[in-house]
Amino acid sequence: MGGRTLRKVAPPVLLAVVVAAGWEFLPGILGLEKFILPPLSDVLAQFGSAFLLDQMWTNGLVTLQETLLGLLLGSVVGIVGGLVLGESAIARATFYPYLVALQSLPKIALAPLFVIWFGFGTTPKVLVAATLTFFPLLVNTMSGVLSVDRARAQLFRSLSASRRQTWTKLLLPSALPSVLAGFEVATVLALLGAVLGEFVSAQEGLGVLLLQQQTNYDTAGVFATLMVLAAIGVVLNQIAVQLRKRLVFW
Amino acid sequence: MFRKRSQTTALADQPTETSEPGGGFPQLSMPSPLRLTAQNVTQVFGGRGKQPVVALENFSLDVEPGELVAIVGPSGCGKTTLLHAFAGLIKPTAGEIRVGGQQLKSPRRDVSMMFQAPTLLPWKTVLGNCLLPRELEHRIDEDDRKRARELLTWAGLGDFTDRRPHELSGGMQQRVAICRALMANPSVLLLDEPFGALDAMTREQMNVDLRRMWAASGVTTVLITHDISEAVYLAGRVVVLSPRPGRILEIIDVPLPKDRDVSLIQSPEFAQTCGHIRSYFIREDRHAGV
Ligand SMILES: Nc1ncnc2c1ncn2[C@@H]1O[C@H](COP(=O)(O)OP(=O)(O)OP(=O)(O)O)[C@@H](O)[C@H]1O
Ligand SMILES: [Mg+2]
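Going down the list, the sequences are from chains X and V.
Here the numbering used here is used: the first residue of the first sequence is 12, the next is one more, and so on.
Here the numbering used here is used: the first residue of the second sequence is 4, the next is one more, and so on.
It should be emphasised that the hints constitute simulated quantities derived from the structure, not laboratory data.
The reader is advised that the hints may include incorrect statements.
[What the hints assert, rightly or not] Pairs of lysine-lysine residues, derived as PhoX-like cross-links and limited to a Cα-Cα distance of at most 25 Å, are as follows: (1) K149(V) to K180(X); (2) K180(X) to K53(V); (3) K256(X) to K127(V); (4) K180(X) to K19(X); (5) K108(V) to K94(V); (6) K53(V) to K94(V); (7) K127(V) to K108(V).
Here chain V stands alone, though its shape is the one from the complex (with noise of 0.2 Å):
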């Protein structure tokens, strides 16, 4: 678990109980957050001999400094590819990327994407791998070390600084990928399924941790997700893809206050708006033969 939840399980979305003691989420000194767009973004895998995939078609969002969108859609229509895109570290067959209203054209320090398999380095300790981000940017001092234990121990993972990658289980090895990613201080955090290997209660922990987080940083996020109801209950916003290739359905805004309790869980909003979505696939499955 990120942390024993306490007595305060109401979730603010304004950055205040930042400074909570005893293993809240750290003080961080996140830049402020940027808005990223995608524009007609299309990407089209193959050629020579191959037959060419469609992966992504005409995409268009606009996430708000600071917004958390969902993207959900079934396997292989695009998510991972859109999200590569973000990250730049795909140049995108046609369309672009805007971060903060600058073209993206290759990877930036402030853009921290947290990948769909764990991808920590095995010869390096959890906080080594942790660590990442800045040993690349300069060299590390006392305050990164902190910050990366205080991030660490948020994640639940405090007594595991000095152990291998290895030594950790799935869902670990998951959180640590995401205090690396935090640890590069993002303007914009891209997730990827970040909870996909997790069983459903050790998932449902991390999302309360997850939209705790986001809200003491207020950064721009955008998270991939096959799970809907993880995707109503985190998000502001609700992109659903079709079936590869990947278009936009529905942008859907999620009619849940900014303050989310776990509560809400039970709402009949709630499970409306899951059951909205959920239609979608239903109907596509059929064909699509997803």
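Isolated chain X, as found in the complex (with noise of 0.2 Å):
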């Protein structure tokens, strides 16, 4: 390993270390209750059941699969979307004031209203997540497309370039980096909103595993599960981060 790389890598793991350290040893010091906060060990210490660890899988499926539906359903319809907002002056100015109120509300307070319309299934989850993730990408996609560099929208119309020609060979690529920096929060988002929407109301998914957890002080088992879920939002998140960087490659 050479010096550069070394000083690159040394920071972060040596960060771990005090924490996981810090984390194992003070609350002993400390003289917190188990139930406030659990030494590091224990939580380890929850993977080695295999009930849990069964528990983890299906809950957690539930949740990736919501979490992947809502994701999609939410980038289809923002990138739809924000692509007509981008090339139609009269769509903006009718939707985009209204977009921006709904973006303004709390959407986690739809899901109640979801859950009547829907009930207890996957449905309503895979709504929260896609209406978190709906917005960063509309948005992403419509100023991707708005900024297209004016010079070469210029070279096209030079080129007597049809308005679809101009839509694939320039406005797309162009507005492909913003777009999928937009997708690579709206992971993360979709995530988030597929959790909150099992705490509203859930028979399964991580979210549930997490109240029950709540419920029976098992905090090691919480800190368990927020472990398989900043693990699935890192991958999930890193996905998007490989997609762009080998997207867009210029």
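Dock chain to chain to rebuild the complex, using the hints, since each chain is given by itself in its own frame.
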């Protein structure tokens, strides 16, 4: 390992070690109850329980499915909407003020409504995830289209490009970096939406598991579930990051 | 460099040395050049609350088919505006542009514009950028690819066809932009400070090559430049514009033969013409603050 890599890798690793050590020993030193802050080893020990692992797996799959479906739905609607708003000034003038108003609404507040409409199954959670995902993609797609380089737009006009050619060969590639940046943010928001939806009403999912653990004052279990959620979030986000790096090679 | 300067520094105005082997200017199926006319063109920008800017005032010019006219003028005097009007990108506030006798209403495929900045597409390769005009016209065929490669080789970019624009220097990007403008097979070529970003030495070589290219293709060309000696070396006529609002101060017939050797730069006629043009700007500069 070169000196430079070492200097880059060493600080975060060191921090992790310090935090882990603090987490392990401070609760004991401070005399904290285990249900307030269990030492790290207790949390890690949770992953030794086959029962809990099984629960994490089944509930995790549910949450992951809701997240991905919500992400897909929100992205498709957001991107299509963003393209329409980017193309049409009239659509922008008509819809944008209301979309901003909608964005100011805390979307989790919609969850009870979704439950009334769609029951206790997957659908309301997917919808909460989708509403959270939708906005960043809409805004990023629209601004990506609108902020196309003026000189390049002029070039296309000077070459008598048709509207369709301008879209496929200029506007879409120009908007791609911004769309994918929006998607990166959206991955994390979709997971958030799914868990929040589960908090409101659900029979299964990591959100439900969290609530059960909370009821039982199983703090170590809560931490373990949080770790799994964080891992899912990081993986999803990293997939989006890699996708962007792959597609936006310029 | 476009091309190592060979023993043939003499430049012909007739398209005779077009099929020179080894990186000569590729044989083009250029359509016949067209006459380009501007009649009393005025362009005013702004309005609605903003102080209107008169970018161009009562500009009239008749460019013969196959002629190369240079336009010089201080920064902000409306040169780019004029070229955009020639390209059909803006409709002048008053007056009209005609291409081949037809009034220009919107951009035409046979009028090719090279912009002041290279304006390449970063997601396309050098070759892909060069092929863009053809791609927008029809499906690219093998002939197009071959021609694009020839043009790029002529421009000294033969080894860079598969690179992306960000891997190229500013001057190389400009050369890609020139090749792209030529790929359109234009009847009229509009060049907005094509060599503005280049160092003096590269620039001189590019001038020689541009003149050779123009001679070979015989395309009607309007060239905008800040550089007075570049204008005099390249053009048959030089249009001198005043500071904003751009008005024609003088149209100078360059007293140089059509066959131009680089050595002509040392001739007294060359120096005289340059000095004459320069005198306008020194005088104008004082109250224009350009
Ligand atoms: N789209 C526009 N809207 C408003 N004003 C404009 C616009 N385009 C140009 N202008 C104004 O018109 C004037 C002429 O601009 P133009 O770009 O034609 O100058 P130029 O001669 O090409 O300058 P330079 O040599 O620096 O490139 C400038 O004062 C500029 O501010
Ligand atoms: Mg300009």
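Evaluated hints:
1. K149(V) to K180(X): holds (22 Å)
2. K180(X) to K53(V): Between K180(X) and K53(V) the Cα gap is close to 35 Å, so the pair fails against 25 Å, i.e. violated.
3. K256(X) to K127(V): Roughly 16 Å between the alpha carbons, so the hint for K256(X) and K127(V) holds.
4. K180(X) to K19(X): Not satisfied, since the Cα-Cα distance of roughly 39 Å exceeds 25 Å.
5. K108(V) to K94(V): Status holds; Cα separation ~7 Å.
6. K53(V) to K94(V): With a Cα-Cα distance of about 20 Å, the restraint between K53(V) and K94(V) holds, given a limit of 25 Å.
7. K127(V) to K108(V): Given that 25 Å is the threshold and the Cα spacing comes to 30 Å, the pair is violated.
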